[in-house]
Amino acid sequence: MSGLLCASFNFIDKTNTIAPAFGFRPMGIGNETDESYLRYASLPREIVCTENLTPWKKLLPCDSKAGLATLLAGGKLFNSMYYSLGLHFRPVPMRPDDAGWSWQLTQTLTVVFDGFVRSKLTGTNGWTLSSLFGRPLDGPCPIASRSRLYVDITDIEQAPGFSLNPAGTTVTEASGMDRKYSYVLYNLLQPSTFAQVKRLNPSVNWDADWDMQSQRPWLHVERFLTGVGLHHGGISSLLHNRHPNRSLTVHHQDTLPWFLRVYSHTLTVTTAGKANPPSYVGYRPARDRERPHQLELLLTLPPATITRVDIQFERALLTWTEYPPDANHGVHICAAVVTAVLPDSDPCTGLCSENSPVSFYRPLVRDTGHLSRLYTQTLLVSLPTPDFSMPYNVVCLTCTVVAIGFGSFHNILTRSFRTRDPAQASGIVRHLANLIRRWRGVPLL
Amino acid sequence: MGLLSDPQSRERVLLFLIRHNSKLCILCYALGLVWFLLLPLPPLSAPTYISENALLPGLVKREFVGGPQALSLSREFAANKALVGGLPVEWLNKTMTSLGLEVHTQTFAVDLPFPDEINERYHVRGTNVQGVVRARRAASTEALVLHVPFLPEANDQAMGLALSLAAHFRKQVYWAKDLIVLVTEHDLLGIQAWLGAYHGINLTSLGVRSSELGGYCGALQAAITLQLSSDVATSIDLQLHGPNGLLPNLDLPNLVHHLCLHAKVLCTVQELLPPQEDNAWWQSMHIMLLQALGQASTKPASEHGLFLRHRVEALGLKAINSHRQEKASLEKLGRLLEGVFRSLNNLLERFHQSFFFYLLPSLQSYVSIGNYAPCAAAILVVLFLCAVELWAKLNPEKERRTREAAASNPASIPWLSVIGSIVIAHGLGIALYLGPLVAHQRAANYFDLPEDEAVSLTALGIGVSSLSLPHRGSTPQGWIWLKLFALLELGMLLLALDLLNFPLAFMLAIPTVPAAVVSQPSHKTASIALLLVASPAVISLMGLAMKTELNPHGPTSGQLGGFIGLFLRWLQCLSQSILEHQSLGTNLYPLFTLGLFPCWLQLWHVALWKE
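These protein sequences, in sequence, are chains A and B. Quick note, the first sequence lines up with residues 1 to 445 if you use my numbering. Quick note, the second sequence lines up with residues 446 to 1056 if you use my numbering.
Don't read these hints as lab results, they were simulated from the structure. Backbone N, C-alpha and C fix where the C-beta goes; we use that ideal spot for every residue, glycine too. There's no promise every hint is true.
To be verified - Straight-line distance between alpha carbons at most 25 Å, and here's what the computed SDA-like set of lysine to any residue pairs gives:
| no. | chain 1 | residue 1 | chain 2 | residue 2 |
| --- | --- | --- | --- | --- |
| 1 | B | 526 | B | 552 |
| 2 | A | 120 | B | 613 |
| 3 | A | 76 | B | 613 |
| 4 | A | 57 | B | 584 |
| 5 | B | 763 | B | 523 |
| 6 | A | 120 | B | 512 |
| 7 | A | 274 | B | 654 |
| 8 | B | 763 | B | 721 |
| 9 | B | 777 | B | 676 |
| 10 | B | 539 | A | 141 |
| 11 | B | 616 | A | 289 |
| 12 | A | 58 | A | 141 |
| 13 | A | 120 | B | 508 |
| 14 | B | 616 | A | 111 |
| 15 | A | 76 | B | 552 |
| 16 | B | 616 | A | 71 |
| 17 | A | 274 | B | 653 |
| 18 | A | 120 | B | 552 |
| 19 | B | 992 | B | 1011 |
| 20 | B | 616 | A | 48 |
| 21 | B | 539 | A | 76 |
| 22 | A | 274 | B | 656 |
| 23 | A | 274 | B | 721 |
| 24 | A | 76 | A | 138 |
| 25 | B | 616 | A | 156 |
| 26 | A | 120 | B | 721 |
Said to hold, decoys possible - Not close to chain A: a few residues of chain B, all C-beta gaps over 12 Å, as computed:
| no. | residue |
| --- | --- |
| 27 | 483 |
| 28 | 676 |
| 29 | 757 |
Please build the complete structure, drawing on both the sequences and the hints.
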């Protein structure tokens, strides 16, 4: 995998891998994966870059030479606010009635463009496909069985002066609540899509003075470090349940490296100042240089509240070769994962295909609750560092001070001194001494 | 070490020490003083340099052109401020959102232990506003802070400049760290509340109630506090020290100084011009003494100070508009700040390369800890030399030979009177520490005084009344034991302080060491005179007088001159230091009452020892 994607998966080892008891159930359809093989690991310091994008694109059937993948030019993608690449691999049944299995590979790419700066710089509201990705769409990938472009216009439809060119097929789906979702669909495989235009370049415009008030998602998580200094510290998570009248049950999974000595007795969960004990606490302590701390909590978040999860730790000292490069930068602590089945009408923009055996992406149907997985911020923890530039000097100085200074002072302070007259020594010793003295020619005792 | 473990050579060392003790003491004391006076001169002060290579100051093309925008925003802010009669939270929220920032507000409430008459506040309620520029594709693990304290009368231009800088920064793609534009109310209390909430801890002894903070940005790497109250500025003054003499890493002031040179903006420290060729020694000394006095006061130089207590390297930039010819416009200042933030953005690691302990005789040179620490140590050695002499006096030579006999005969130590004195001295120290807070209410009601005056007068009352305790020892030798203990305690206290806050330790050592050495019943007049000079009250009074004298602006108008004025200001400072200890965690008051005062009281007891 490392070689295939130019990613540093080789850094995944037993020190950052856990076996979740509740989170990350196998998502293959009807398969019989042995759950005892389930592992979860993450490398918070690694950043997804062009070198990962290029091999990722090569896994696509048309590479980036035709179809939707032609939009994925690094220059535009990496100038965005957020960017993520995904690769999902799961077993699916060959045919619904068949017992045979096949493997399904799903590749996802998520990118968030900065509409604010775009509108400030160009002085216009709205976007076109070519303004976002640098080029329009020429056509589908010839070997694709399905190639579609969806534009979500749910909120923006109401904007004054809203326009979308060229017009596509509008799909409307209603959720359980009174909220309605609208999408505009361009089916690239349909010849009519490219009948009037040679290249598909949807453009969306609205009047400048419209202030988009998008609804915020029900569940929101923030995680941060607490404490000052390099000895003690803590990690706090704030879980916001923004739903006005439904409480949410969430699964909170945390992996902390062994050099943060977590005190599990300091774990507190409070909602609005009152204790809110988790219904399940799964804690597996770390072992030095072998495995990380694993903390799993099942929490109930009352409606319209903020729940705070705190845990305290103490930093351990590493041996001086164990520090990462740029040791004074600190170490990254991987994101906690919060999983919840969110009620319908959650205004999230994710797309999912969990339950369909023949997987293809389509707008989310939000009639039933859907599984949502939130990754919190990664944290940067400063560690107490030795002075790497002069270990030799430090070792020498310390040894000298300990050996000469401390040793001697300790000796002098703890010993009682008595002057002793050599003439009063015992007979044998005196005889021996006198023998030597006689030989040396000094006065006898 | 053989010298000490061999009884005979040990005897010789001891004899040498005893014979030449007074000469050695005077030599060490003089050495310490002379060393301090020589600090601004070249071999002891070295030219400054930027130690952290990643900062790369001045290498980027600065593009900020928001001068007019900054000016209009500051006018708008001033107008809204006048309209609301305080911090215009609504307007800030709206403006920051329209500039593309992620806005969070925090409300906080602090109840001070007694009314603060100078700042006219008691139950403090306020709001902090925080606008975040998120770095693109970064995971919000690190952040920089641009902090603008809200002042009712001033600092409008700083707000305008910060907002227009944030608007500029929002459009840039090069950020690796998030940027927080922070507006805090009620100067240090506001920033204390914000930092406490951000780090989830409370470093003070007051309960700060604040609303849940949002918009966390990871580890704060550096902070700049901006003070700017005019449309143009002639110079930028760097404000360094935080509470308890904490200093930012030397790279940070160096960076700003370097960029000021680059931008041709005059950069000063302690609001004094850089030393000129003629009279350079005195001018450097003047700057250094002002820094030392500032650190010794344990009071932060500006609102940036509390960042330092939370281990965030921070610097206060105060723009000054004087009568000088070259003026820098808001745009120029904005470009300067842009340069500073882009350099900070380059940091790969937290600040750690350069010095955390230093004295600055000018911005071009610094005195490192290795060069200044010996002068306090030389003075403090006197205490230990004197203690050795006393020890020798207690164990005359022939007794020392048969130590065992002396050890088995502890009756020679007057336990009761010595331990009694020690316990009483420390008990009074605790009373002095707690008394003003416990008893000020009663005193205020009884004498019909403002509460903060009642606090200082209570402290003064406890201090003065403790001098009149009976000083009756049981044996003629008892005072030696007491003095020995007091010398060792004072020596260890000041030596420990020397490592944390050198200027304070040095300034305390200069008057207390001679007084401590001289005090004994046989030189009653001299001891009492010296001890009075070295009393905590007189030391702090002298520090205050020195600060007023060295202040480049002279005494502020409206202040009474002369001794009465000084005394009244001292009383104010006394109540302020108690308040600051409670609300900000500065440690001058506990140090004086729990550490210095008991030592001093023991020495006072020694001077007045009667059989």
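Residue 274 (chain A) and residue 653 (chain B) were given as a pair; does the straight-line alpha-carbon distance stay at or below 25 Å? Between residue 274 (chain A) and residue 653 (chain B) the Cα gap is close to 18 Å, so the pair holds against 25 Å.
For residue 526 (chain B) and residue 552 (chain B), compute the direct alpha-carbon distance and say whether it is at most 25 Å. 18 Å, holds
Below or equal to 25 Å on CA atoms is what counts here, so check residue 58 (chain A) against residue 141 (chain A). 14 Å, holds
Separation of residue 676 (chain B) from chain A, once the least beta-carbon distance is taken, above 12 Å: 26 Å, holds
Between residue 616 (chain B) and residue 111 (chain A), is the straight-line Cα distance small enough, at 25 Å or below? This hinted pair holds, its Cα atoms lying about 18 Å apart.
Satisfaction of hint between residue 508 (chain B) and residue 120 (chain A), Cα-Cα up to 25 Å: 16 Å, holds
25 Å Cα cutoff - pair residue 763 (chain B), residue 721 (chain B): This hinted pair holds, its Cα atoms lying about 22 Å apart.
Between residue 76 (chain A) and residue 138 (chain A), does the CA-CA distance stay at or below 25 Å? 18 Å, holds
With the threshold set at 25 Å, check whether the alpha-carbon distance from residue 616 (chain B) to residue 71 (chain A) stays at or below it. 24 Å, holds
Quickly compare the C-alpha distance for residue 274 (chain A) and residue 721 (chain B) to 25 Å and report which way the hint goes. At roughly 63 Å apart (the allowed maximum being 25 Å), residue 721 (chain B) and residue 274 (chain A) break the hint.
Are residue 777 (chain B) and residue 676 (chain B) close enough, with their CA atoms no more than 25 Å apart? 11 Å, holds
Between the alpha carbons of residue 120 (chain A) and residue 721 (chain B), is the straight-line distance 25 Å or under? Violated: residue 120 (chain A) and residue 721 (chain B) sit about 49 Å apart, past 25 Å.
The structure fails to meet hints 10, 11, 15, 18, 21, 23, 26 and 29 from the earlier list, while all remaining hints are met.
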